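Just need the whole structure built from these sequences, with the hints factored in.
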Amino acid sequence: MRIHPLTGLAAAGSAAVITTAAASLPLSVAVSAAALALSVAAGTARRMLPAAAAVLLPLGLSLLIVHGLSFPEGLTVLAQWGPVRVTAEGLSFALERAAQVSAVVLILLACSFSLSVPDLVAALSARGIRGRFGFVLASTLTLLPAIAARAERIRQAQESRGLVIRRGILHRAAAFRLQAVPLVLSLVEDAGTRAAALEARGFSSTGPRTSYRIVPDSPGQRFLRLVLVLAGVAAVAVRLWHYAGGS
Amino acid sequence: MHHLLRPVLAAGIRSFAYHDGDAPVLSGVDLALAPGTLTTVLGASGSGKTTLGRLLAGWLSPGAGGVLAGFLELAGTRLEFDGSAADPRIDPAQWGRQVGFVPQDASAILSTVKATVAEELAFGLENAGMSPADMRATVEHTAGLLGLTALLERDPAWLSGGQLRRWPSAAPSSPVRRCLSWTSRLPRSMPPASAKWRCWCAASPGTEPPSSS
Chain A
1 MRIHPLTGLA
11 AAGSAAVITT
21 AAASLPLSVA
31 VSAAALALSV
41 AAGTARRMLP
51 AAAAVLLPLG
61 LSLLIVHGLS
71 FPEGLTVLAQ
81 WGPVRVTAEG
91 LSFALERAAQ
101 VSAVVLILLA
111 CSFSLSVPDL
121 VAALSARGIR
131 GRFGFVLAST
141 LTLLPAIAAR
151 AERIRQAQES
161 RGLVIRRGIL
171 HRAAAFRLQA
181 VPLVLSLVED
191 AGTRAAALEA
201 RGFSSTGPRT
211 SYRIVPDSPG
221 QRFLRLVLVL
231 AGVAAVAVRL
241 WHYAGGS
Chain B
1001 MHHLLRPVLA
1011 AGIRSFAYHD
1021 GDAPVLSGVD
1031 LALAPGTLTT
1041 VLGASGSGKT
1051 TLGRLLAGWL
1061 SPGAGGVLAG
1071 FLELAGTRLE
1081 FDGSAADPRI
1091 DPAQWGRQVG
1101 FVPQDASAIL
1111 STVKATVAEE
1121 LAFGLENAGM
1131 SPADMRATVE
1141 HTAGLLGLTA
1151 LLERDPAWLS
1161 GGQLRRWPSA
1171 APSSPVRRCL
1181 SWTSRLPRSM
1191 PPASAKWRCW
1201 CAASPGTEPP
1211 SSS
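Line by line, the protein sequences are chains A and B.
Heads up: the first sequence is residues 1 to 247, going by the numbering used here.
Heads up: the second sequence is residues 1001 to 1213, going by the numbering used here.
No wet-lab data here; the hints were simulated from the structure.
Quick caveat, the model's predicted, so the values are computed rather than measured.
It cannot be assumed that every hint is accurate.
[Claimed, not checked] Ranges between beta-carbon positions, derived for each pair: (1) A:Val181 - B:Leu1042: 28 to 34 angstroms; (2) B:Arg1136 - A:Ile65: 54 to 60 angstroms; (3) B:Arg1136 - A:Val136: 23 to 29 angstroms; (4) B:Asp1155 - A:Ala34: 42 to 48 angstroms; (5) A:Gly168 - B:Leu1079: 30 to 36 angstroms.
[Unchecked claim] Listed next, the stretches of chain B that the computed footprint assigns to chain A, with coverage defined by at least 3 CB atoms under 8 angstroms from CB atoms of chain A: (6) 1018 to 1030; (7) 1048 to 1062.
We put the beta carbon where it would ideally sit given N, CA and C, even for glycine.
In structure tokens:
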């Protein structure tokens, strides 16, 4: 059965909320593994992994620096350089947070890479949600691939005019600087033209809207979505109750 | 005989300047485009042809997009502008139902959120609230007129540059479409492509542009 885009969104959102609320290392690892498995099964792992790495590596590093190197509550000192102390508790906390963030990022990326954007727009439109909201949501999901495609065209054009990108991070950084300005300028220009085209096609009209694309839905999926949303709300409630009870 | 007909699209531009520009981009422009005519405007690069096309098509709104002193007239309705806050506002959607525009980068007209050519064609119809049955009939009719029938299930992102330039004449699929203006070269199926800016006005609403000969 085809998965309705709102069911996919509800599942990803619910998993992200529950993982964040639970703050449990085994659960975070399990959710991360499930997200990776789903991405491999959907054939989107090749595109998703670089995006996940771009988000998670700097984030993981910053967590390690913030919590691993300075964790006042830490008692088991593994190493010390002046005021900087590496403690077992700090590393453990950084690992837990990194696993938690990784699970959320991976599940949301797996969802966004496998979600059919046109289905999502049609589903939102069919529920009376204004076209502008659906468009912004859909554009956000398609933004990265669109920027990557444009950057590729700019690189090809510059290479045809003699730009040689050598191996090595410094050469690539220098080439990126040359490509960044035309990339940003063309994206701004493109946004202006597209906005005018959308306006001319009645995008901002306030009257009733219809949908050409029909996205199949079922009572089972509607029930599942309700369960997923309730599970997310329940996880937050339990977490808050736990905090209140502990204080 | 055309000069005897009332123009479907006209402009009297004493001056038009962008908000961030020092000098007017356009000044002393008078145009009256009669039904059943094809008008060509020639000029050097940067002389304002695209700006003129965008103004006539409602893509560049006086007030928000720049300061216009003069008038724009569409299908007998004349809007006077003097650059003040009391100037009338153009509704791009209503204007776009009657005037189409092909930008230099034709791919910029795609909504980017539609999966097929048919859905992209239906975008303007969805926004107008047309019923699904009427929408399907209109999409098929328009695609047939423009030779896009075989491409209806294709991803619009994979359309060629030539196919995309035919798009704006079809995209809103408006039965009241009167004019189509463009600033770049067009494929052979469209009117002759040597000029820099052209505007074709139909003899009757909804008529498609003539083929080149």
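Kindly confirm whether 42 to 48 angstroms is satisfied by the beta carbon distance between aspartate 1155 of chain B and alanine 34 of chain A. 30 angstroms, violated
Taking 8 angstroms as the Cβ threshold, is the statement that the region 1048 to 1062 of chain B is covered by chain A upheld or broken by the three-residue rule? Since 5 is at least three, the answer is holds.
Taking the CB of glycine 168 of chain A and the CB of leucine 1079 of chain B, does the distance hold inside 30 to 36 angstroms? Violated: the Cβ-Cβ distance is about 59 angstroms, outside 30 to 36 angstroms.
Given the hint of 28 to 34 angstroms, check if valine 181 of chain A and leucine 1042 of chain B actually sit that far apart at their C-beta atoms. 32 angstroms, holds
Check the following: the C-beta atoms of arginine 1136 of chain B and isoleucine 65 of chain A are separated by a distance inside 54 to 60 angstroms. 58 angstroms, holds
Regarding arginine 1136 of chain B and valine 136 of chain A, is the given constraint of 23 to 29 angstroms on their beta-carbon distance met? 27 angstroms, holds
Between the region 1018 to 1030 of chain B and chain A, see if three or more residues pass the 8 angstroms beta-carbon test, and mark the coverage as holds or violated. violated (count 0)
In summary, the structure is inconsistent with hints 4, 5 and 6 from the numbered list given earlier, while agreeing with the others.
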